[in-house]
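Undergrad: Protein chains in written order, with the numbering used here: chain A, 1 to 187; chain B, 1 to 102.
None of these hints come from the bench; they were simulated from the model.
Glycine is no exception: its CB is placed at the ideal position from the N, C-alpha and C atoms.
Where hints are given, some of them may not hold.
Stated by the list, open to error - DSSO-like cross-link-like pairs, simulated, lysine-lysine; straight-line CA separation at most 30 Å:
#1 186/A to 101/B
#2 101/B to 157/A
#3 101/B to 126/A
Claimed, not checked - Here are a few chain A residues that sit away from chain B, every Cβ distance over 10 Å (derived from the structure):
#4 39
#5 99
#6 104
#7 141
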Amino acid sequence: MNPGMNPGMVRDMAPVATPFFFYLLAGLAVAGGVLVITRRNAVHSALALIVTLLAVAGLYLMLYAPFVAGIQIIVYAGGIMVLFLFVIMLVNIERSSKDRRFNRMWPVGLGAACALLALFVSAFVKGKALFPDRMMSLPESSNTQQIATMLYGEGGKMGPYTFAFEIASLLLLVAILGAVIMTKKKI
Amino acid sequence: MVPITTFHYLVVAAALFVLGVIGVLTRRNVVIVLMSIELILNAVNLNLVAFSRMWGNLHGQVFAIFVTVDAAAEAAVGLGILIAFFRNRETINVDEIDLLKW
Chain A
1 MNPGMNPGMV RDMAPVATPF FFYLLAGLAV AGGVLVITRR NAVHSALALI
51 VTLLAVAGLY LMLYAPFVAG IQIIVYAGGI MVLFLFVIML VNIERSSKDR
101 RFNRMWPVGL GAACALLALF VSAFVKGKAL FPDRMMSLPE SSNTQQIATM
151 LYGEGGKMGP YTFAFEIASL LLLVAILGAV IMTKKKI
Chain B
1 MVPITTFHYL VVAAALFVLG VIGVLTRRNV VIVLMSIELI LNAVNLNLVA
51 FSRMWGNLHG QVFAIFVTVD AAAEAAVGLG ILIAFFRNRE TINVDEIDLL
101 KW
């Protein structure tokens with residue numbers, strides 16, 4: 001790292017064409033979401049979800065979060081979606097592509113989702129004044145180092161999220177055990 | 001053109017969240033229900049990272065990493081349960097998973 005630069009200093013590089021990229025990525029994400037919930041074929045839904053995940057990773061990059069974007073692509077699009085595709089190919093019967101798409105209670109579900117949407121719209125309309133008009137820039141060259149400091153600690157002391165990191169490791173161990181035991185034929 | 005603020009990201013996250021809720025509540029195929037849950041978790045992550053930028057610190061991003069880790073664990077276990085259920089009942093319709101119905 002350049003010795004004349006401290007990690008907190010922000011180089012003022014103007015981002016170009018921000019509204020264009022934001023609307024493109026946001027439109028891709030929402031279109032992918034609509035395709036996920038409306039496709040009859042489960043593989044089509046999975047591919048649409050991959051498009052959504054990549055678009056959301058692009059939105060993270062616009063929000064000056066390159067590490068979270070990398071984690072999103074590697075873990076979500078590269079791990080979880082591959083797992084989903086494997087399971088779809090394991091359980092998908094041919095006739096499920098010709099079945100009805102929506103379950104018996106779909107009016108109730110749609111009504112509840114519309115109530116949720118109304119709640120969001122009212123919250124946004126009432127609370128629009130709470131958010132500032134301009135966004136400050138975070139330093140992105142030291143993003144990974146700063147996240148590592150928060151997760152692992154620095155100088156021998158624990159960071160704010162070190163304990164949570166250890167518990168997350170335990171959670172992953174429990175998930176591995178659970179997934180293995182769930183799929184055994186005889187427990 | 002109006003500059004892109006935190007509010008725009010929150011609107012996108014709310015739209016993804018509502019789409020995920022519609023998917024969870026209305027689809028018949030259990031795998032698509034699980035995928036809609038992943039959509040909901042992504043909307044929450046987008047919210048967290050947008051607020052992290054608004055406040056200027058990294059707490060939101062670290063929380064988003066933990067949410068991603070949790071989503072991975074939950075997807076693995078959920079799909080394991082789905083496979084075990086499919087092995088027993090040979091169906092992936094939520095309409096036919098009704099042992100608890102009265």
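Undergrad: All the hints need checking, so say for each whether the structure fits it.
TA: Verification of the supplied hints:
For the suggested pair residue 186/A and residue 101/B, the alpha carbons sit about 28 Å apart, so the restraint of at most 30 Å is met. This hinted pair does not check out: residue 101/B and residue 157/A have alpha carbons roughly 53 Å apart, beyond 30 Å. Of the supplied pair hints, the one linking residue 101/B and residue 126/A is violated, its CA atoms being roughly 40 Å apart against a limit of 30 Å. Once the 10 Å rule is applied to beta carbons, residue 39/A is inconsistent with being away from chain B; the minimum gap is 8 Å.
At roughly 7 Å from the closest C-beta of chain B, the C-beta of residue 99/A falls inside 10 Å, breaking its exclusion from the interface. The beta carbon of residue 104/A sits about 5 Å from the closest Cβ of chain B, which is not more than 10 Å, so the claim that it is off the interface is violated. The Cβ of residue 141/A sits about 14 Å from the closest Cβ of chain B, beyond the 10 Å cut-off, so the non-interface label holds.
This entry does not satisfy hints 2, 3, 4, 5 and 6, going by the numbered hints stated previously.
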